[in-house]
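Student: Listed below, chain by chain, are the residues.
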Amino acid sequence: MKFFKGLCAATAAAAAVAAMLAFSACGDKVVTVENDDGSKNYVMTVSSSVIELTDSTTLYDYMCALREDGELNFEAEKSSYGYYITSVDGVAEKYDSENSMYSWMIYTDLTELDGAIYSSAEYGTWDYDGKTLNSASYGISGLPAVEGYTYAIVYSHTSW
Amino acid sequence: MPLSTATLRGKQKTKCVSPAVQGKIVRAKRRKLSPAKQAAYIAVTSAILICVQLALYAVPGVECVTVILLCASYAFGAKFGFFTGLTFSLLRCILFGFYPSVIALYCIYFPLFGLIFGLAGRLNGERLPTAFKIGVNVLLAVLCAGAFCAAGFDLIKISRIYKETVDGLLWALGGIFAAMLIVFDGLWIACRKSSGENALKLFFITAVAAACTVCFTLLDDVISPLVIGMTKGGALAYFYASFTAMLPQTICTVITVGFTFYPLTAALNRAVK
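Chains W and P are the protein sequences, given in the same order.
The first sequence begins at 28 in our numbering and counts up one residue at a time.
The second sequence begins at 7 in our numbering and counts up one residue at a time.
So the derived label-pair ranges between C-beta atoms look like this: (1) W:ALA119 - P:ILE114: 37 to 43 Å; (2) W:ALA119 - P:GLY181: 42 to 48 Å; (3) W:GLU149 - P:ALA61: 37 to 43 Å; (4) P:ALA147 - W:ASP156: 52 to 58 Å; (5) P:ILE114 - W:GLY97: 48 to 54 Å; (6) W:THR59 - P:VAL233: 36 to 42 Å; (7) W:SER75 - P:ASP160: 23 to 29 Å; (8) P:ALA272 - W:THR113: 49 to 55 Å; (9) P:PHE138 - W:HIS184: 55 to 61 Å; (10) W:VAL58 - P:TRP177: 39 to 45 Å.
In silico BS3-like links for lysine-lysine, alpha-carbon gap of 30 Å or less: (11) P:LYS238 - W:LYS158; (12) W:LYS56 - W:LYS105; (13) W:LYS158 - P:LYS163; (14) P:LYS238 - W:LYS121; (15) W:LYS158 - P:LYS169.
Partial list, derived from the structure: chain P residues whose beta carbon lies under 10 Å from chain W: (16) ILE164; (17) SER165; (18) TYR168; (19) LYS169; (20) MET236; (21) GLY240; (22) TYR244; (23) TYR246; (24) SER248.
If you are wondering where the hints come from, they were derived from the structure by calculation, not from laboratory data.
Glycine residues also receive a C-beta, built at the ideal position from the N, C-alpha and C atoms.
This is chain P alone, in the form it adopts within the complex (with noise of 0.2 Å):
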């Protein structure tokens, strides 16, 4: 039933509505947020979190902080997104301790991942567009062939010890990420119609999140050794121990993101209805 004749009869059935105007409701309403509002949403979600990474803490690779922050900066908007990633940075120093290390790096990557996903919540209901596309594409291609290159050229000189588990674990993540652009493109190309376009744009979230996971570790990698000041070996077998975890929480992340952004994303937006 089309919005116009729902407001007519003096009830609003948005159950009804078409998702492109299902989107530009929820945007509209979560515009309408007073301050307050918005305040205390922020402050819930980041005791969520921290609830959550506390409860999972002891599993190494299991994290549900990137399915959760993602979920509700993509219903509530970029602001929601940013001041809830530093809210939860800044809750995590004070309970795990304030290392000028932890600080820049949850500082900078959690309002980021906020904001990126905040953002990516205007396409709530529309299309994904082709802009888009192309992006996820030279995103998982440079982040597949970077593994691969890794790992076939040696590129990274680390104790012996450590070799091959490196090596498997770059082959492994080059495989998951070349396994996600064919996936991608084979669903741009086999759905062309707009009933496809929610398992794309799943699956866009889905390659960035991945994306947002690698670059953590990454970032880890470039501003603890050079915060502590170690020396190039020092940093590899601290590249090594982060990057270990890094291939689970990658798993992690597509599976979580996977299973759970639509149910999530759906109890958030009635949320803000």
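Next comes chain W alone, as it looks inside the complex (with noise of 0.2 Å):
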């Protein structure tokens, strides 16, 4: 009797963990991070747990998985560069005088894959929780969705 108590304890034990476990990783699809500009920035780590990762598998499919499911509220639109992010919960970018605006842009630590670069520090980059990200040098629909690679939608300050 003493051992099924045990086992029964054990059991329990286990699948409250489990459960622990897998209600984190679902807020964990995406990560908001407070940034200096009025908005948040958004951070993903690429599972295939949100859709069915494929080699031609672009973030902006990524994206759209996690709009989907709820995690990820943006807009986009289509130019002759593929789609770009207008707006995330709301915060559209904007131009605030004539050389500079308010943009979403795109960092990631996936900086190269068979022989082609996806991202460079030329441009910038952006640390989170111990990583450097590089500036995208692709916007959403040329960069790949790659298993384990972090994406971070940054709301950024540019001038020219």
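From the two separate chains plus the hints, produce the assembled complex.
Tutor: Right under this line is the structure:
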């Protein structure tokens, strides 16, 4: 009887831990980070639990899957260079002068894959959780969503 | 009817003279154009070019600037071609804005394009020299080999999202140049007599125009990233965006030049006369 009680307790504890892990995993799909420009930044670590990942899965596809799950609310528009983010959670890109604007930039730790360069520190970096993410070389529809890599949508001020 | 007989009768019935003589007459008349007339022709042609570009601006991959500038330069000469290309480029900058990369690209490409086809206008009524035929062979072979090698040996390290499209476009572009090379050489062999000369010349002009269209995109892919100061990855993304437009533009050039070169140049030659 004592053994049976112990077994039940161990099973319950294991189930509780599994549930907690599953819950925390769901919450980690998109992490929000406060920034200095009156908005939040959004960080995603790509996981096949969100969408089935293939070689042709783009970051845009991944973000759309997150939007369908209610994890991320964003708007994007198509240009000749592919899709670009116009707003996240209602915060839209905006010009604050003729030569400067706030816009949504992509940073990632996916730097090089199969000889192709996907991001470069030359155009800026953004630090998150001890990692340095580089400015992406492609837009969201040109970047592949690769399992385990981190992508950040950062509300940035740019001037030229 | 020979020109001398027609002149003896007091009328110049140039319709009856041989193409070679017609070409000489056109070139002689062109030389006699007054500077005021030349300036007026350049202004009108530039205005037509900008109107055509604005009208087709919203249709990706379709453009008629190439064929109009080509035919006008061919009919009116190298000086006309150069200055029309330059005027059109500056007019475009006035309308769309003076961006350093666009100024550099347009002000280099279009005057050179006008110059090349203005010089090609000297072939009007002449047989295509063998050196030119060999030149077209080399040009088409280089373009064809370049496209096939870039696709086959995976020379363009672009995002894997774009890889399939770029490779497909490269194979298609290489295929177009290979087909042009085969048809050109077939015509060269088959048409030894002067009857096939016009078809051969049309292929020569079309091949050079298609090569120029490819060069325009490649020049843009070098100038714009350099002027803007893009990273290697950014430059490749820019290359992809412009490259997807290159194939439809090249096909458009081949079709428009192939079908309208003779009617347009004939009409312009009549204007010169």
